[in-house]
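Q: Below are the chains, spelled out letter by letter.
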Amino acid sequence: MEKLLGVISEYKHWFIWLILQIFSLCLFLNDGLYRQSLLLWGTGTVSAHTHELSSRLYSYLNLREENEKLLAEYGRLEHTYLTLLQDIEETKAQGVILPEVYQDSISSARYEYVVTARILNRSNKTGDVYFIINKGKVDGLDKDMPVLSSGGVVGSILEVSEHSAVVMPIVNKKMELSCMLKHKGYQGILVVGKVGEGFTLRDLSSQAKVALGDTILTSGYSFIFPRGLQVGVVDSIVRDAQSALETYYVLPFTDFDNLRYVYILREVISQDARMLNDTLLLSHE
Amino acid sequence: MNNSWFGFVLLSIIVLFLQVWVFSSLDLFQLSTPYFYPILLLFLPISLKPTPSVLVGFSLGLVLDFLLLTPGLHTSAMTAIAFFRGYLLRPFLDVNMLGSWIPVYKNLGGASLLFLFELLLLHHLILYAMDAGQYFDWLYLLQRFGAGLLYSYILAVTAMFFACIRITPRSSSHASK
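Top line first, the protein sequences correspond to chains Z and A.
Counting from 1, position 274 in the first sequence corresponds to residue 273 in numbering that gives the first Met the number 0; the numbering is continuous, with no gaps.
Counting from 1, position 29 in the second sequence corresponds to residue 28 in numbering that gives the first Met the number 0; the numbering is continuous, with no gaps.
Just chain Z, same shape as in the assembly (with noise of 0.2 Å):
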């Protein structure tokens, strides 16, 4: 026993440092500690306040380009209305009495409040990326809302405290998005490819007649994103000299170096919907 003790604390130093070691590894390692620390990093009240406070200082910095972002924004919505308040008249004056149109009550009433929040941080994790926002479960914040910016799809919210949430961007390499091609309707998955490569369609119907430039929208199939949220567009095809297979890259319209400001849906009716998915699947077992 006392040449046990005598080993121990001649080489306490190399246990020590084991013991470290393998903590910090874990924390870094553990995908759900890894998690759960980062709200916890980016969450404390030294951390938040700080984070807080730089955060302000970028935007006042990028106060201009904010407000180039926005009219531009605001131009695009104004052309959108316009153009369509347009469509509306020329088709009265054509003698055409337009149908009344019957909402779906459910599908409108699905995504109904929007909350705006700050990027306080992100955080890379072997490519893993994660934003940290300003806004939490005091302000309506859930796990699995989506994430907006005015130019299209963020991502989704994966983690949430009182005050703020992480959100898992469609560039973090864990993120599958469900898609569809703008008015050919082919469907496919958005993933983030490796390191350089950008965003990549796969997983679409073989006869799926894909041009360059088509618009990328979200799909529906999913319990987090709405139909139709804009994604991005296909930039390149590149098609394989042996196996003829193409890949569609994508770029997408939400510009992730300079994210500053996101926007969550609130779903009303997904709770009770995956609630009847979950028994589907508890009964299929």
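Simulated from the structure, these hints should not be mistaken for lab results.
It is possible that some hints are incorrect.
Here are the computed lysine-lysine pairs in the DSS-like style, where the Cα-Cα straight-line distance is at most 30 Å [as the list claims (entries may be wrong)]: (1) Z:K11 x A:K48; (2) Z:K68 x Z:K2; (3) Z:K181 x Z:K68; (4) Z:K181 x Z:K136; (5) A:K105 x Z:K2; (6) Z:K68 x Z:K142.
Quick caveat: nothing in here was measured; it's all calculated off a predicted structure.
Go by the hints and put chain A onto chain Z.
A: What follows is chain A alone, placed relative to chain Z:
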């Protein structure tokens, strides 16, 4: 807490502040980010035992992870190099050196530059290996590693000389002239 430890804490605050709010957001050619904070281990006494060295390294890494929102990443790298600091330093020491000396240029001469390079090399190896992830691209990883190491080393050497100038009091012989 004596003066040297107070100076070390003050220097740590400055270096961590610069690392988090200045250098971590610099992305040279979208390839490399300089991580020069391991330089802090140079400002610990030569005779410091491995246990306090590991505790200091672990604490510095934890603070950095806390501020950079990278739980575990810098703590792992910093804990490891703090532990091996003594082993890396040993070949550069001789009997005439005082235990209270810090292994910077004025005490170790050119050997301090080599020691600093060893520390940064080990630190960057661990950091980039952990950050490489499951989808890593060898060529890109090597480019990032090489550019990051070079960038960090240049900054660290500059910081070492700058810190020594700032913290060294004027010698009495110089003052008497």
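Q: Which of the listed hints are not met by the structure?
A: 2, 4, 5
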